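Please dock the two separately framed chains into a single complex, following the hints provided.
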Amino acid sequence: MSTPVLTAVILLLALGAFYAGRRKSIASVQGNISRLHSLPGHYGWFMVLCMLLPGLLVVALWLTLGGWITDTLALSGLKGMASGQDLDLLLNQVRNLANGGIIPSNADPALVAAAHRYAAIQANGQMATVILSICLVLAGALIGYRLVRPDLAARRHVERTVNVLLAACSGVAILVTIGIVLSLLFETIRFFGRVPFTEFLFGLDWSPQTAIREDQVGSSGAFGVVPLFAGTLLITFIAMLVAVPVGLMSAIYMTYYAGSRFRKMAKPALEILAGVPTVVYGFFAALVVAPFLRGLGADLGLDVASESALAAGLVMGLMIIPFVSSLSDDAITSVPVALRDGAYALGATRSETIVSVVIPAALPGIVGAILLAVSRAVGETMIVVMAAGMAANLTANPLDAVTTITVQIVALLTGDQEFDSAKTLSAFALGLLLFVVTLVLNVAALAIVRKYRERYD
Amino acid sequence: MTDIDEKASFWLSDEMTARVRRRKRAEARFRFLGLGAIWLAIVALAVLLASILYLGLPAFTHTQVRLDITFEADEFRDVESKQGPEFDQALNRVDFAALIRQSLMSVFPDVRSRSDVLALQTLVSRGARFELRDMVKDDPSLIGQTIHIWLPVDDEVDLGYGHTGKEGAESGSRLSEKQVAWLDGLKADGRLKRSLAWNFFTSGDSREPELAGIRGALVGSFYTLLVTLIVVFPLGVASAVYLEEFAPKNRVTDLIEVNINNLAAVPSIVFGLLGLAVYLNTFHLPRSAPLVGGLTLALMTLPTIIIAGRAALKAVPPSLREAATGLGASPVQVVFHHVLPLSMPGILTGTIIGMAQALGETAPLLMIGMVAFIVDIPGGVTDAATVLPVQIFLWADSPERAFLEKTAAAILVLLAFLVLMNAIAIWCRNHFEKRW
Numbered sequence: 001m002s003t004p005v006l007t008a009v010i011l012l013l014a015l016g017a018f019y020a021g022r023r024k025s026i027a028s029v030q031g032n033i034s035r036l037h038s039l040p041g042h043y044g045w046f047m048v049l050c051m052l053l054p055g056l057l058v059v060a061l062w063l064t065l066g067g068w069i070t071d072t073l074a075l076s077g078l079k080g081m082a083s084g085q086d087l088d089l090l091l092n093q094v095r096n097l098a099n100g101g102i103i104p105s106n107a108d109p110a111l112v113a114a115a116h117r118y119a120a121i122q123a124n125g126q127m128a129t130v131i132l133s134i135c136l137v138l139a140g141a142l143i144g145y146r147l148v149r150p151d152l153a154a155r156r157h158v159e160r161t162v163n164v165l166l167a168a169c170s171g172v173a174i175l176v177t178i179g180i181v182l183s184l185l186f187e188t189i190r191f192f193g194r195v196p197f198t199e200f201l202f203g204l205d206w207s208p209q210t211a212i213r214e215d216q217v218g219s220s221g222a223f224g225v226v227p228l229f230a231g232t233l234l235i236t237f238i239a240m241l242v243a244v245p246v247g248l249m250s251a252i253y254m255t256y257y258a259g260s261r262f263r264k265m266a267k268p269a270l271e272i273l274a275g276v277p278t279v280v281y282g283f284f285a286a287l288v289v290a291p292f293l294r295g296l297g298a299d300l301g302l303d304v305a306s307e308s309a310l311a312a313g314l315v316m317g318l319m320i321i322p323f324v325s326s327l328s329d330d331a332i333t334s335v336p337v338a339l340r341d342g343a344y345a346l347g348a349t350r351s352e353t354i355v356s357v358v359i360p361a362a363l364p365g366i367v368g369a370i371l372l373a374v375s376r377a378v379g380e381t382m383i384v385v386m387a388a389g390m391a392a393n394l395t396a397n398p399l400d401a402v403t404t405i406t407v408q409i410v411a412l413l414t415g416d417q418e419f420d421s422a423k424t425l426s427a428f429a430l431g432l433l434l435f436v437v438t439l440v441l442n443v444a445a446l447a448i449v450r451k452y453r454e455r456y457d
Numbered sequence: 001m002t003d004i005d006e007k008a009s010f011w012l013s014d015e016m017t018a019r020v021r022r023r024k025r026a027e028a029r030f031r032f033l034g035l036g037a038i039w040l041a042i043v044a045l046a047v048l049l050a051s052i053l054y055l056g057l058p059a060f061t062h063t064q065v066r067l068d069i070t071f072e073a074d075e076f077r078d079v080e081s082k083q084g085p086e087f088d089q090a091l092n093r094v095d096f097a098a099l100i101r102q103s104l105m106s107v108f109p110d111v112r113s114r115s116d117v118l119a120l121q122t123l124v125s126r127g128a129r130f131e132l133r134d135m136v137k138d139d140p141s142l143i144g145q146t147i148h149i150w151l152p153v154d155d156e157v158d159l160g161y162g163h164t165g166k167e168g169a170e171s172g173s174r175l176s177e178k179q180v181a182w183l184d185g186l187k188a189d190g191r192l193k194r195s196l197a198w199n200f201f202t203s204g205d206s207r208e209p210e211l212a213g214i215r216g217a218l219v220g221s222f223y224t225l226l227v228t229l230i231v232v233f234p235l236g237v238a239s240a241v242y243l244e245e246f247a248p249k250n251r252v253t254d255l256i257e258v259n260i261n262n263l264a265a266v267p268s269i270v271f272g273l274l275g276l277a278v279y280l281n282t283f284h285l286p287r288s289a290p291l292v293g294g295l296t297l298a299l300m301t302l303p304t305i306i307i308a309g310r311a312a313l314k315a316v317p318p319s320l321r322e323a324a325t326g327l328g329a330s331p332v333q334v335v336f337h338h339v340l341p342l343s344m345p346g347i348l349t350g351t352i353i354g355m356a357q358a359l360g361e362t363a364p365l366l367m368i369g370m371v372a373f374i375v376d377i378p379g380g381v382t383d384a385a386t387v388l389p390v391q392i393f394l395w396a397d398s399p400e401r402a403f404l405e406k407t408a409a410a411i412l413v414l415l416a417f418l419v420l421m422n423a424i425a426i427w428c429r430n431h432f433e434k435r436w
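Which chain is which? The protein sequence lines are A and B, in order. Going by our numbering, the first sequence opens with residue 1, and the numbers climb by one from there. Going by our numbering, the second sequence opens with residue 1, and the numbers climb by one from there.
Treat the hints with care, as some may be off.
[To be verified] Heads up, simulated BS3-like pairs for lysine-lysine below, C-alpha to C-alpha not over 25 Å straight-line:
1. B:K434 to A:K267
2. B:K193 to B:K314
3. B:K82 to B:K7
4. B:K178 to B:K193
5. B:K249 to A:K451
6. B:K24 to B:K7
7. B:K249 to B:K314
8. A:K264 to B:K434
These are calculated hints, taken from the structure and not from any lab test. All values reported here derive from a predicted model rather than from experimental measurement.
Just chain B, with the same shape it has in the complex (with noise of 0.2 Å):
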């Protein structure tokens, strides 16, 4: 008996129970750090995704002003005679900025002074001479007419006065307090309203940031992601059944294994290389269009295709193929009649998922020169354009304060579009793939 008291007493002592507390606490020490790691990644991403809204959702709006522009006879006196062409020409000559300070004048009739009239001019954007010339290219009997029209305003305006829509202008906001006078008179009028801005979905790139939009680089990540796809699904898939279903088991197929995990992890500013030296150097295809990018691509994703490819046909159970060969199938029977159908949805979610990294790729873009400031829509695969993250690449460089909240609004539409790619491809796994 003495000698399990002894015991107890020991396990009982003052000694033993510090030691177990001091455990106890380095136990839930160990466990906060790792609550603390977690909630770390989680927090960070939070103020990601935050500041990015934040700067972003401003850039979904903008600012216009109502005018009335007339379209006096006597400024277009060279144009209404001709046809065409020259018409068109004529009346790329007619100072359509008049046009807007003119009506800007009527608006606020007691400025007078060179430097205010400019002053005042410049709150209007430089691309709404461009509108007003469009409209009349499109409807020429606008001629000689009056019309109430809302026109983008600078995007000094946008910034300064526009997001708050205070009496006065923010800290920091380069408007002098004249400029805000008339905007605040402008105001009280109901000639200023903040909409929808559709054009940054409708527009190509633009030096000036309130005309600049992204439909061009969508356009052109659309053409790239079309040519990778047409590229690398086949290629891909055909090489993940060879390496799963028929290549023999030998010292070229263990090279080819090794080889495709190794480029997995090659950085992907080294296939922008690859492509530079390969495809503009030596093959002389156009420099900037979406084909090259597109093969580019087709390069960088095709080990991350083939992995899923060789998951998904492993994941079909060998009970499968024996009976197909039971029943008299030939190998090439078993796997395109059988294997391959089944492994379909796993092959097609490695696909998307593949297709999501490949638009979010930027560095290897910038090296086969789709960086270039591109303003017009590209109209096929060979067009110069560019993609919506090298369009963020870009737009994060210019010195201008409006593109920083553009840049952060081409970031949401692009992480829209990946989160639609993921939720697409989770949900073809979750209804498609059949689990033995």
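Excised from the complex, chain A in its bound form (with noise of 0.2 Å):
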């Protein structure tokens, strides 16, 4: 049955069994509703929660771990044919026999029969799946029905199932964090378990491509972090000579100069700085900013590679300035107007105030500010992707290329993957990497801001 059939019936069986409760519940007391424990709405619910409750509870099993019990199931079968890392491989093909329907003539016999196989255990968990949950439902909305009385207390059986649905849904977000976690440890662990743990982090070559070939050149595929790493944060450093300077003297006259009508104009064109998408920076990057300062490299004699780490940085300066700015317009007008007024009547002018008042006591604000728009460029991917190279260069010249960790993400993740490759791994060990780099980042800013708060009240 389509998705959009199933979610009719199902909702048309909720309502079915709204009104059912209601109407059991009001003619239990021939209609004098007052002496119901709970309103006439609350039976209905509760009808609703019993019946399709469980059942749904089931489906929902099945999608997550239907998929893990059929492999399971399928692997005891699969033992006698091979072990170890084919055994995977050999799932793996017969998943997609299984579910690809196409079987080439020349294709193993017992592959087939074990293909043949996954398909019925994939039948049978979908039959039993659907035979369990109709039973269920049926039970649920008899059982449901007889339950339905005037002294049932059906408003607090509602209330705290709904309490519980809506614990759950906020659960969501850890178990999103803890997806994250468990699933980049994995493969990194696996990774590690191929690259040395100090190579990684410390070596000083990247150039992940492992050979199809023993003797061809470049074979052994080296993954040293580092260049990487050094080429994020020239780039990220490129951003924020930008993005600081602006983005805070931007929140400064702002606040304190601008007249109304200017930061009519002023504010919107931030805000749609702020909400224009990567990949059009990227664009911007690639196309229209690298061959402007090639060209002028050209003219001053310069050497400027078309994938400069300057023009990457730059582009990605622009985009983060509404970042900044409006974080530090925040940490800005968050300080009393008392020391303002204060420095005004010792005569010191606007610049004056500003620069030893204001912007002193908002420093743990600015400073929390720079660091999560660091944790913003580092993790950012479209701009370098599109704008910065692929060679991973240990330089500190801004005109160079270099390679950043999203690039290579990007790069090990795309286009033909080996399955299982240390080089596919590789791309997970990097994600993990970004992930602690930001996560640390974004904590401190919280530390420092929380910290060195100044309280003026």
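Next comes the structure, spelled out in structure tokens:
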């Protein structure tokens, strides 16, 4: 059954259950609903929950665990055919055969048989789920309907269930974090099984090509993350050179100098800058800014790489301006007016007040904003994928091409992937590194803001 | 008296006036720096938008050439007797390129040498033959007739000749002098025209720039956002309601809150890695499908929606809650009958902004394989598809020069959608949001 039809059926069932529960509760007190423990609607909802919750739970369980159950059952049948790593590969083939439906004429008959077995297990599991959930829906409807009596505390049951469901929903956010950490960690541990941890963290070479033939050039594959880190830092540094002064100064000007008409024009401009998708910035960096810088460099007699760190960094800085600006705006406006007025009363000009009173008072907030901006820049992907290079150069020259962590993750995971190779796994190690770095920056930013915030009241 | 005079003369001394002047100059400098910072941002934005407009606008029109195509019955000998799928197969074998060649040669009868004919033929798009084939497929009675038809020209012609309409080729064009002369001839005949390129909106991706369109990417984006919305809206609103209204103040709640704030700052590409590891490698959902893309983007936008939802719920004044509680409503009734409906405009505004964010997102979708070259328009959430930002990324990487303007045009469409969504959000905020 297609998903829309199924949804419609479930909704109709729920509607029916609601009215059945409501009607029975009203009928049970001959229409005198003040004798009911709860409102009639509560009995309706009670019926809906009784009927649908267990069945939907079973379906959800099958959707999440079904693949794993099928794999485990199918694997026990495949044990005789291969072992270890090959077993995973074999299982993958069997799964593809079973789901793809097209079986090539020259396929191994044992494999075809296994695929049929796999499909059968899958079909049986689906059938069992459907039958079980239908039984549960019927049983739930029956039991719920019998339970509806005037003295049933329907409201309490319904509200407690609603509470649990809401809590479960907010638990999803935790699940996402756990999922990120576990999935990255799991693949990273497998990666460190092949490449030593120290080599990854301190190696000075990055060339993840593992050879197809033994005698190929660069067949060893080097996984030293230092050049990637250096490239990321270089581009981030350039971006910060643009974003921090411009963002901070524009926040200051907006708060202390701008007239309301100018603010009305400038604020939306900054908001637009924040709303432009990163892929657009990437296009701008790669096809407008980079050629311009290259031409400029040629005029000045400088050799600018066509994928220079400068182009990517400048455009990334442009992207981060509104971020820095809005965060430091918050920090500046939270400085109490009394401090400012005190400085004015002593005869300080506006700029003196800002430089020697407001900024020191807002410094924790501004530093926090800068750290968050750095974390943004480190994790930014599309601009560098489109405008920065692929080759890992260990250089501090902004006119050279460098590569970043995010560029390499994209390069490793798009296009033809080798299943399970160190090359593919290294992307997850880079992802974990990225996650840890940004997490540390965010936590540090929050900690700084909390710890050093001056309390004025 | 002398005391005051002394003080006044001190403040009016040259030294002091010079100092005041210096301080005023510093003030002006500072002010100028602030103004400069804002203007720098505004000018950069203007350059960004102007360069994209300049590059992209030409892609909304294209050059066409009018040819008299004769579907000679001879060519269709094998086709006419057949029916159904066999008819289509036989049609695929017909050399429509030859029909175009003959038609061109009838316009330029003195072109004879092999290389010249080839050069003449490359003026017309390589996709034109498929257009002719589809016409015959739809209407077999065309066989044996002669029709006048506007066909797309090759992208190099479109770039080098069509845009400027100048006599002669621009510098950098790859057209030869002969080709330019032929084009001048066609133009003099009234056989060239420039018109709106509807096919940019109605066709899918293609290797030929003059045939490539964004319909596939638009439909893919639509399905992806649909999945995202269906997943993230209930989940986000439920979380926001729980955290804001029901959660007990304890360490678990604190943990969830810190966690949501951190999730909001996790780089989007990490969500792509999560999607790859969980949806593709663990649950074996189809690669490149809007379903997986939507689920990945849902995880990414979840913190945004929760934070916006909580802000909207917080804005409802406590007096309303107290009044409802005083009339005997239970906490659940207070929230679902009063607080939630009142905060809905704020929640919807936040949701639209979250969706706009998801529409512009590219990086996580590269991780889950939505980066493939896909010609067909996706028909559902499990078909292989691409989305608008990824299409932009793919085109920006293409070597053909004509894709540059296609890319910029696709960016314009994307920006138009984003402006529209944000305008709706602002309108929602202004019209439905109550201030207490």
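Hint check:
1. B:K434 to A:K267: Since the Cα atoms of K434 of chain B and K267 of chain A sit roughly 23 Å apart, the hinted pair holds (cutoff 25 Å).
2. B:K193 to B:K314: Roughly 60 Å between the alpha carbons, so the hint for K193 of chain B and K314 of chain B is violated.
3. B:K82 to B:K7: violated (112 Å)
4. B:K178 to B:K193: OK: K178 of chain B and K193 of chain B at ~20 Å, within 25 Å.
5. B:K249 to A:K451: This hinted pair holds, its Cα atoms lying about 22 Å apart.
6. B:K24 to B:K7: Holds - the C-alpha atoms of K7 of chain B and K24 of chain B are around 22 Å apart, at most 25 Å.
7. B:K249 to B:K314: holds (16 Å)
8. A:K264 to B:K434: holds (22 Å)
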